[in-house]
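Visitor: We have chain A; now place chain B onto it with these hints.
This is what each chain is made of:
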Amino acid sequence: NAGVTQTPKFRVLKTGQSMTLLCAQDMNHEYMYWYRQDPGMGLRLIHYSVGEGTTAKGEVPDGYNVSRLKKQNFLLGLESAAPSQTSVYFCASSIPGQGSSPLHFGNGTRLTVT
Amino acid sequence: GDSVTQMEGPVTLSEEAFLTINCTYTATGYPSLFWYVQYPGEGLQLLLKATKADDKGSNKGFEATYRKETTSFHLEKGSVQVSDSAVYFCALSGGATNKLIFGTGTLLAVQP
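The listed protein sequences correspond, in order, to chains A and B. Reading the first sequence from the start, the letters are residues 1 to 114 in this note's numbering. Reading the second sequence from the start, the letters are residues 1 to 112 in this note's numbering.
Looking at chain A on its own, in the form it has when it is part of the complex:
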């Protein structure tokens, strides 16, 4: 009964380093999303995917890349981390539903870039 699992839970990077955040869901959901949460700004969509092998840009995609090679996994990459990318990152998944299907969220990854 895992739902959406994010790894790692915490990470500290130096400016310019790279890393990959992993999201895995066991609900056979078609759609997956990456959001970032910053104080006073709510959650903003970085990238999303509507199926295996597909990705699309969200509201704040710059500085991030994603891949969806398997239906259950959605990877978020930072090629050259910047302090502005210090945030809490949430992955989510959903079934198709014309806007009415709720998203299921993981517990987040807290990233600090120094």
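No wet-lab data here; the hints were simulated from the structure. Among the hints, a few may not be true.
[Claimed, not checked] Simulated restraints, written as ranges between beta carbons of each label pair: (1) B:10 with A:107: 21 to 29 Å; (2) A:57 with B:17: 36 to 44 Å; (3) B:3 with A:17: 28 to 36 Å; (4) B:14 with A:53: 47 to 55 Å; (5) B:56 with A:71: 31 to 39 Å; (6) A:20 with B:14: 44 to 52 Å; (7) B:109 with A:53: 39 to 47 Å; (8) A:110 with B:67: 34 to 42 Å; (9) A:40 with B:58: 26 to 34 Å; (10) A:16 with B:58: 44 to 52 Å.
Backbone N, C-alpha and C fix where the C-beta goes; we use that ideal spot for every residue, glycine too.
Guide: Just chain B now, with coordinates in the frame of chain A:
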């Protein structure tokens, strides 16, 4: 573009008080509306939703009614508990991809 505005927090209430958190939206078309709750150190959980005008979503004593005429989806609860302390997010979804647009969140603190 589409957007969600919700009341600034924090909101501090005593146990058993009445809760209202205001949420208004701007959207083209007919979005679905959601309230999510985030407990400390956790991800967001769906609290309730409404998919068309005049629908009322309800869960765990919380309610919200989709008001198209006032473009609002205010969250209410008649008697809050300490365990309701969390951050509450209003959100809308207007397209086939279920992408959510969130408000900034409202921190609720309930004191015993």
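Visitor: Tell me the numbers of any earlier hints that the structure contravenes, in ascending order.
Guide: none
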